[in-house]
Amino acid sequence: MRRGRLVLRRFRRHRLAMAGVVALAVLVLAVLIVPLWWPHDYGDASFPPFVPPNAEFPLGTNKIGLDMLAQIVRGTQLSLLIAVTVSIVATTLGVALGSLAGYRRGFTDAAVSRLTDLFLIVPQIAVAAILVKVFDGSWFTVALILSAFYWTQSARITRGEAMSLAQREFVESARAAGAGTARIITRHLLPNMTGTIAVNATLAVAQAVLLEAGLSFVGLGVQLPDTSLGRIIFDNYTQFSGRPWLFFWPFGVLVLISLALNFIGDGLRDAFDART
Amino acid sequence: MGEDELNLTRYVLRRLAISVPTLLVATFVCFLLVAAAGDPLAEQRSRPGANQDAIAVLAHELRLDEGVVPRYFHWLGGFLSGDWGSSIALEPVFDKVTSAYGVTFGLVIGAEVLALVTGVLVGVVAAVRQYRLADHVATALAFLLFAMPVFCIALVLKDFAVQLNDWVRDLGLTGLLGNPWIRTSSPESLESHGFGDLVVKYIGAYLLPTLAVMAVSFAGYSRFQRASMLETLNTDYVRTARAKGISPARVIFRHAFRNALIPVATLFSLNFGVVLSGAVITERVFNWNGMGSVLVTAVNADDPYLLMGWIVLIGATVVVANLVADVCYGVLDPRIRVG
Amino acid sequence: MRRSRAVRAGSVLTAAVLALSACSGGTDGKAGANVDVNAMKTGKLESGDDYKLAEAPESEEVKVGVDDSFTSYNANVPGAGHPGANAVLTTVLAKPFELDGANKVLLNRDVMDSVTVLAKDPQVVQWKIKADVKWSDGRPWSCRDLYLSWLAQSGLPKGADGKPVFTPGDSGGFNLVDSAACKDETTFEAHFKKPYLDYKGLFSTTGWVLPSHILEAKTGIPDVTALTPAGDPAALKKAADFWNKGWLEFNPELMPASGPYKLVAVDKNAESVTLEKNPQWAGAKGGPKKITVRVIKDRNEMASALENGEIDVVSSSQPDESVTKKLQGLAGKGIVCGSAQLLSFEHLDFNYKRMFGDVVLRRAFMAAVDRKAIVDKLIKPVYADAQPLGSVQFFQGEPGYQDRYGAKSGLGPEAAAKILSDAGWVKDPDGIFAKNGKRFEVTITHAASELRTSTVQLITTQAKQAGILVHDELDPKFTKGRAQQGGYDIALFAWSQAPFKAEGAPVYKSAGNGPSQNWQGLSDPKVDQAFTTAVSTTDPAEAARQYAAADQAIADQYATLPLYAAPSLWAFRGIDRVYLQSYNGVLWNVGEWARTS
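Protein chains in written order, with numbering that gives the first Met the number 0: chain A, 0 to 275; chain B, 0 to 338; chain C, 0 to 596.
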């Protein structure tokens with residue numbers, strides 16, 4: 000616990016990371032609260048198209064007359080949901096398999112390593128594209144598909160970490176005391192890897208947000224009626240010069256999320272890394 | 000030395016012995032996936048006036064009337080003997096995929112090398128001048144490039160290029176540089192008279208996509224190099240060297256830089272397959288008909304053998320790149336080979 | 000993502016005169032904009048029903064950007080028949096009839112003397128080729144080539160195993176020809192099983208005419224006209240093997256031209272095709288010396304490539320507001336752009352086998368959909384004169400067109416709600432109608448397309464106001480199997496090519512035995528009767544009346560709601576006359592393009 004407090008204090012001193020936390024918190028609150036009182040539904044296409052920003056539509060309307068503010072709020076919600084899902088699923092899977100492989104070694108390790116190799120070899124973008132076709136383009140499917148590729152990263156990192164931790168005295172003594180694999184992993188290995196895991200999870204979220212945007216751009220990402228910031232940008236990027244507000248608002252939010260996450264990841268790394 | 004080489008060969012062989020079966024399993028999994036994507040001829044079948052007999056013949060020829068497992072082994076047999084099958088438009092997959100690969104490879108390799116060189120330089124400077132202006136600028140740039148989707152970068156580049164070409168016209172330089180000079184889409188040819196002209200044409204054709212591919216990789220390399228450089232700068236031997244009074248420049252380049260390069264070189268290799276398939280977006284924006292265009296076509300048409308050709312080629316690239324990375328690492332850092 | 004079309008254009012022989020608007024306007028007074036694009040839809044020497052390429056000053060290379068890849072010289076095999084192939088072949092392979100920008104059917108006077116119906120029932124048609132028409136390799140373009148084209152596409156020749164040996168993608172029309180023969184080197188005569196009013200489409204829009212002398216040389220068959228459908232299976236098989244596969248890979252030796260341009264290079268890698276003048280071409284010899292056709296998939300990239308001077312002409316079959324606006328904005332740089340409507344229409348199909356078996360629901364849904372609002376938002380920004388389509392048999396501007404849906408659709412949410420409440424439907428607390436525990440909740444299913452997604456979003460909003468809950472379901476495989484099995488409430492997709500009405504009949508006639516495209520389960524004796532009469536009559540006027548009757552009967556069924564014809568867009572700089580032909584693309588009259596700068 001003492002270490003936790005120390006890490007927290009260090010993290011608080013990291014100004015950019017704190018800015019990231021604040022920005023992200025504000026954004027999350029906004030996308031949760033705004034829909035409660037905002038009069039325009041994100042699916043209501045009855046408004047006139049291409050209204051420039053005004054009092055009723057602060058961010059204007061798009062080509063079919065959807066309120067852009069409602070759109071961006073909805074897109075941000077789903078983008079964040081995708082990101083969080085990816086980070087939870089991928090991290091859980093990766094940490095579980097990685098620590099098992101690193102601790103047990105031998106056959107388990109070989110099996111997990113082959114599995115990660117397999118996922119490394121298969122080109123993500125092709126498989127993601129096919130899977131979106133085989134299943135559907137809902138945000139949840141896309142999140143699961145992205146998770147399927149991100150878990151290898153955390154598995155690799157956790158495996159290395161678990162391997163070195165397994166040699167340490169306190170693990171040895173726990174084992175000597177008759178603790179089982181599950182207990183050793185959850186009680187002894189995981190608490191000592193939180194830093195690595197947290198940093199990696201944060202950065203994976205940042206990457207997932209961008210990868211989803213990229214997939215949407217080639218038409219292989221989230222499909223309507225679900226949406227995402229990537230999709231909204233893709234739908235409006237051609238308005239870049241003519242009606243810049245249609246492009247720059249969703250773009251700005253995406254960059255904001257991505258920057259904030261990167262800063263937080265950086266701050267976490269600094270906070271955990273510095274040994275005392 | 001002799002024993003070392005033997006060890007290395009053995010190591011490479013062992014890695015290969017693991018990678019090749021993995022690649023095989025990967026092809027099987029992908030084959031099942033591709034088959035699940037749908038019947039590529041369904042749309043043709045459903046047209047009024049469609050000649051069902053002809054479509055049946057075509058389906059038979061493409062072996063779509065067989066079970067997926069026998070079809071896989073038939074494909075694999077053909078594949079290993081050099082026959083990669085044909086697309087549903089009956090074009091040989093091998094020619095189509097390999098030529099697209101050539102296009103993408105040509106685009107990516109230059110961009111990646113440039114990104115590596117600039118990234119490493121910026122990373123070193125940022126590390127040496129940690130927490131000073133140069134470091135902050137480099138960090139900000141890297142974070143910004145990290146945070147931006149690549150097609151947004153491409154968009155800005157294109158607008159700028161059209162403007163630049165207008166200036167070239169206004170200045171009457173079209174005779175020298177060509178009209179248009181900077182191209183926003185792939186060139187039909189790089190036919191040129193003389194070396195100077197070739198350079199000009201090459202720059203015109205490759206500038207924008209290269210910058211777009213570079214942008215993302217550069218951010219990664221510079222951050223990675225900075226971190227790795229900081230680590231080496233803090234190692235005992237560098238501190239010792241410094242304490243001995245060796246000039247800082249010498250310490251940085253003779254001692255720290257070389258060691259800090261190892262992880263980045265490895266990253267370059269590991270990344271290559273990802274970057275290659277990630278060029279899909281850049282290619283699309285700049286209308287290069289490389290792997291990206293083949294992938295989008297194949298996915299939209301549910302074209303089974305074309306997709307398989309694509310997947311295997313990229314998969315093989317990843318295997319080879321990883322092997323190169325391992326070897327680099329093995330040569331540069333002998334400790335790895337033991338494990 | 001290409002809009003998937005359930006039906007490829009088969010034949011578009013119709014005298015439809017589609018309205019058009021120049022997207023660059025002409026009233027805003029910008030330089031380069033005061034060009035009348037509308038006047039470009041006809042050929043320079045077009046007169047009456049005749050077409051001939053005009054002389055134009057010879058000019059340097061022209062670069063053209065299109066949105067579909069070139070597939071194969073033999074576009075008659077499945078998988079190769081594609082807009083991308085047509086766009087190039089239209090100027091490479093001669094055809095008896097040409098279509099101008101307005102889709103008017105014109106006799107190609109450069110290569111034909113006449114095409115005559117000798118007898119009506121049983122129908123006999125004679126194609127008379129001009130003397131001295133040659134392929135680019137100097138061999139005559141003759142009756143033999145038409146004969147081979149018919150033989151291969153009729154689907155009649157069988158191999159030793161009794162299976163058809165040729166694999167044409169489409170046999171429509173050719174399979175109605177019982178027997179055919181060359182009366183002499185330039186006269187081809189075909190005897191039809193039953194009246195076939197669309198005969199002008201044969202060899203012109205269905206089935207390209209390929210060089211028979213190449214096939215003879217490659218297979219060692221001395222004379223293709225000696226091959227008959229019932230002839231020697233071995234010889235037929237030999238001919239078919241070459242016809243099916245021999246022209247797949249590019250080889251200039253095997254691919255002579257009978258049109259004004261010949262193929263000199265096909266780069267599948269760069270997706271570009273290079274054409275040069277055919278020195279043996281029978282007609283006018285001017286125009287661009289060289290044409291490069293390039294595929295540009297991203298329509299916004301088309302605009303920047305044109306602006307940047309990388310290409311001279313661009314065309315897109317899936318334009319949107321932003322690229323239109325961008326091109327319009329380039330009028331000051333001398334770029335002219337035009338837009339028209341394609342021969343394909345998007346529509347909503349109601350599935351009788353599900354909830355929409357109840358006519359009340361079909362009526363209410365149609366009443367709730369405001370097509371004008373959809374067209375105003377989605378189509379007008381590209382094609383300013385767009386109106387909702389009022390027929391499933393005729394396009395706007397075509398003789399026989401009548402708006403049969405104006406009084407059925409777009410009546411407003413109140414009217415729709417009234418239809419429902421009159422039939423005993425009551426609104427749930429959340430404002431959605433329900434009856435006997437069944438809510439009016441339906442799904443619109445469609446394949447991927449931006450335009451369709453936007454359309455569904457608009458319909459969802461409109462339906463909700465009327466108390467109907469609509470879900471949007473995007474299924475990339477929808478037109479690849481699922482629609483055929485009737486697995487939907489409402490299907491949103493396009494039929495391209497309705498004017499070829501005989502082939503459109505199976506879409507609406509009661510599904511009997513054999514292949515049918517009537518996936519929605521519509522069955523109405525009136526519709527059946529009208530189509531049956533229409534396809535068997537020998538009188539074009541009677542056929543038109545029957546198609547109109549069928550059209551009205553379908554409308555009275557509230558079976559399907561036509562929305563709009565999809566728009567197309569093209570733009571060019573430095574050329575006097577470019578018009579995007581809905582079926583064959585921009586190159587249909589490239590031989591008479593003159594440089595203006």
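Honestly, the hints are just simulated from the structure, not real lab data.
For glycine and all other residues, C-beta sits at the position ideal for the given N, C-alpha and C.
Take the hints with a grain of salt, since some may be wrong.
When the alpha-carbon atoms are kept at most 35 Å apart in a straight line, the in silico DSBU-like pairs for lysine-lysine are as follows [as the list claims (entries may be wrong)]:
#1 K200(B) x K276(C)
#2 K217(C) x K200(B)
#3 K289(C) x K217(C)
#4 K200(B) x K284(C)
#5 K324(C) x K200(B)
#6 K371(C) x K200(B)
#7 K289(C) x K200(B)
#8 K434(C) x K371(C)
Okay, the calculated bits of chain A under chain B, using three or more residues with CB under 8 Å as the criterion [stated by the list, open to error]:
#9 118–132
#10 204–216
#11 231–245
Against the structure, the hints:
no., hint, in the structure
1, K200(B) x K276(C), "28 Å, holds"
2, K217(C) x K200(B), "42 Å, violated"
3, K289(C) x K217(C), "29 Å, holds"
4, K200(B) x K284(C), "33 Å, holds"
5, K324(C) x K200(B), "31 Å, holds"
6, K371(C) x K200(B), "50 Å, violated"
7, K289(C) x K200(B), "22 Å, holds"
8, K434(C) x K371(C), "30 Å, holds"
9, 118–132, "holds (count 12)"
10, 204–216, "holds (count 5)"
11, 231–245, "holds (count 5)"
Comparing the model with each numbered hint stated earlier shows that hints 2 and 6 do not hold.
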